[in-house]
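Novice: Make the full structure from the sequences, and use the hints.
Residue numbers (the numbering used here), protein chains in the order written: chain A, 1 to 284; chain B, 1001 to 1506.
Quick caveat, the hints were computed from the structure, so don't treat them as lab data. Backbone N, C-alpha and C define an ideal beta-carbon position, used for all residues, glycine too. Warning: the hint list may mix true and false statements.
[Unchecked claim] Listed below are several chain A residues computed to face chain B (Cβ distance under 8 Å; list not exhaustive): (1) Thr-6; (2) Tyr-15; (3) Ile-24; (4) Glu-81; (5) Thr-85; (6) Gly-88; (7) Pro-89; (8) Leu-90; (9) Thr-94; (10) Ile-234.
[What the hints assert, rightly or not] Derived list of chain B stretches under chain A, where covered just means 3 residues or more per stretch with a C-beta under 8 Å from a C-beta of chain A: (11) 1249-1260; (12) 1272-1283; (13) 1289-1295; (14) 1325-1333; (15) 1432-1439.
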Amino acid sequence: MAKILTKKQLSKDVYMMRLDAPLIAEERSAGQFIILQLDDDYGERIPLTIADADAKEGTITIIYQVVGKTTLQLSEMEVGEKIPTLVGPLGRPTHIEEFGTVVCVGGGIGVAPLYPIAQALKNAGNHVITIIGARTKELIILEDEMKVIADEFIVCTDDGSYGRKALVTEPLKEICERSPKPNMVIAIGPPIMMKFCSETTRPYEVFTQVSLNTIMVDGTGMCGGCRVNIGKEIKFVCVDGPEFDGHKVDFDNMMARLNSYKEFEREAHSCFLEQEIKDKEALR
Amino acid sequence: MSHHTPEQISEEAKKLIVAYLDKIDTMKPKERTKIPPQEMPAQDPEIRSHNLEEVALGYTMEQARIEAMRCIQCVKKNCIDDCPVKIDIPRFIEYIAHGEFQNASDVMKEANLLPAICGRVCPQETQCQSNCAVGKALKEVDKSVAIGRLERFIADWERATGKISIPEVKPETGKKVAIVGSGPAGLTVAADCRREGHHVTIFEAFHKLGGVLRYGIPEFRLPNDIIDKEIDVLKAMGVEIKTNFVVGRTRKLTDLMDKDGYHAIFVGTGAGLPMFMGIEGESLVGVFSANEYLTRVNLMRAYDKGHADTPIYVSKNVAVLGGGNVAMDAARMAKRLGAENVYVVYRRTEVEMPARKEEVAHAKEEGIEFYFLQNAKRILGNEKGRVKAMECLRYELGEPDSSGRRRPVVIPNSEFILDVDTVIVAIGNGSNPLISQTTPQINANKWGNIIVDETQKTSVDRIFAGGDIVLGAATVILAMGEGRRAAAAINKMLAEEIEKEKASMN
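Specialist: Laid out in structure tokens, this is it:
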């Protein structure tokens, strides 16, 4: 049981909640996630990244977008209510060290998991360049927080309603062309965005780390539902990830698998952002 | 095989028992072996393949007594030797024959706290019933005394009385034991350590208890209610339970000792990541590990489409790869979820199948088709990346391999296409990676299984392990056997410490 301590709507479908979870707050590191379930008997288990935590207060912060039944129900819960099942922190923490110049690219809701990683990278002494992007102005989240951390900060929207009118891959490409090129790129966002970020950096041979958010059931290395192809190997996001070398991830397969149940789902909530970007890419 | 209704079987037994009651103590072994083996009453296959209710309904009282009278009380008692937890089988059977069910139950509980579960899921034909003198005399292991069914009968009888006896707990010792995982191994350790008066906490990663008993074994074979009742006994004994707690992640294993003051830990985290065939097309949408498929249905209740939020793949033609109990469970579950055709594809023959015989028989009755000496070569997908067919190869049996089973050898150019939309891979599991990932000081082998000594102790002081995390994929009863051994070692260690502490105080 985890009590909801605060709740804030960040944009049309995006919410931030602070939860009472002292054990998770104490153990978690950047890059890790939790799984929650809203009904112990019939609920679905969904993985969400931990956007922030305060070990002293014993709280964690989650940021999520309403894309299905569980996230919709969660968005309807109020401060003081309790989430029956909350488990974590899961996944391997991000490997943090002083790499040099790191480009942190966040797309839409992906800025939430990116935030603690960017923060940790900054604290480790890296030169942090941040690119955050969304379809339109009102979907930009955590701008102020990211700005404070970043040595260089770029914001873009697909429709040009805020910041630069571009996909995040455009400034990313420009940065890769600099000399010296960046030491590393971390891209987190919708699968299609991570795919194209990886494709953008591939010719420059800049190591690109992505954080995958696949379908999961247990999240502890038992069911195998989260498997992805990394190079020629099968890997499991819950215990081997969630972070992988973007140049090795088979994104097309991962996206097909993410849609495994789409046509069966009772509540057909589609991921708007993902679909929009996909449509856009298809038009190119 | 035509289906006998439970009523027919019950009537038959009522008539039959009359003749035996008078000579219950005087029958010669030869006469006993002539008593007809009692058939397990079961739900009608047509009906049950559309529901999740338990398939095997359990013996009636008369049936149990008749079956028990088949035991010749031989001197060899192979059954006890072949039982991983050494239940005094002849003794409890003798009590059943005489209708003294409470006594039978007490005998069973001396060695096994989870008889309702074991009676249902143990592979008796390879354990207690494998060397039964009656089966040997009749030259057919299937005609051994049905020990498992009798065990189940007694457990069910006790539950029906509503007076489940709670084992006695010794005075509190002040020592704390942490159990990681609430599967069969962990539950056994919890009971055995609690009995000695130690404070016992079970940490479970899921929101429900039981481990593989809950997420793996379907309700039609092991109803959740049975698991709940067995766990209620532990709760009544005072075992503390923490769900949604992933030891290794929520708290480091060693922190349980260093920070939380536990004096001993038992790791029973079970089997882990499912294995795949490594063939083309295994990443297609519609290919599942049996673990995932069964967890969605069993634990997350995806069968209840009106209520459950967890989806399950809608299938018409399903291929299940593998020949173990998990493969049988997945195949039968797919049928229950509405698949029209379910094929079990196994590269050896029926004789080599590791599944319990009763499950195979039940699966056949339910219309599951078996493709023996065949195996998947690759899985074919459509333009959307979904399974549309599976290409298979035919095999023949060659020389025996290291396991003693004849090695299947592929027949060249024997490819053929099986029209399926779903493939469930049930060829076994690796080990759960979490503990070795987060506690590298515990020695594990190259497959990730924790290495233990003969008392189940790991390379780290005070940390013990057992069940599938040690054995690889094994059985419920072997896990319980390991749990029993670990608990004995933990209890011994703690008792010695208590003695020492007392001595130093004087």
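Novice: Determine for every hint whether it applies to the structure shown.
Specialist: How the hints compare with the structure:
1. Thr-6: violated, 22 Å
2. Tyr-15: Tyr-15 (chain A) check fails; min Cβ-Cβ to chain B is 18 Å, beyond 8 Å.
3. Ile-24: holds, 7 Å
4. Glu-81: violated, 17 Å
5. Thr-85: Where the cut-off is 8 Å and the nearest Cβ of chain B is about 4 Å from Thr-85 (chain A), the hint holds.
6. Gly-88: holds, 7 Å
7. Pro-89: It holds, given that the least Cβ distance between Pro-89 (chain A) and chain B is near 6 Å, below 8 Å.
8. Leu-90: holds, 6 Å
9. Thr-94: violated, 15 Å
10. Ile-234: OK, holds: Ile-234 (chain A) within 8 Å of chain B, min 6 Å.
11. 1249-1260: Holds: 4 residues of the segment 1249-1260 of chain B have a Cβ under 8 Å from chain A.
12. 1272-1283: holds (count 6)
13. 1289-1295: holds (count 4)
14. 1325-1333: violated (count 0)
15. 1432-1439: holds (count 4)
When held up to the earlier numbered hints, the structure conflicts with 1, 2, 4, 9 and 14 and fits the remainder.
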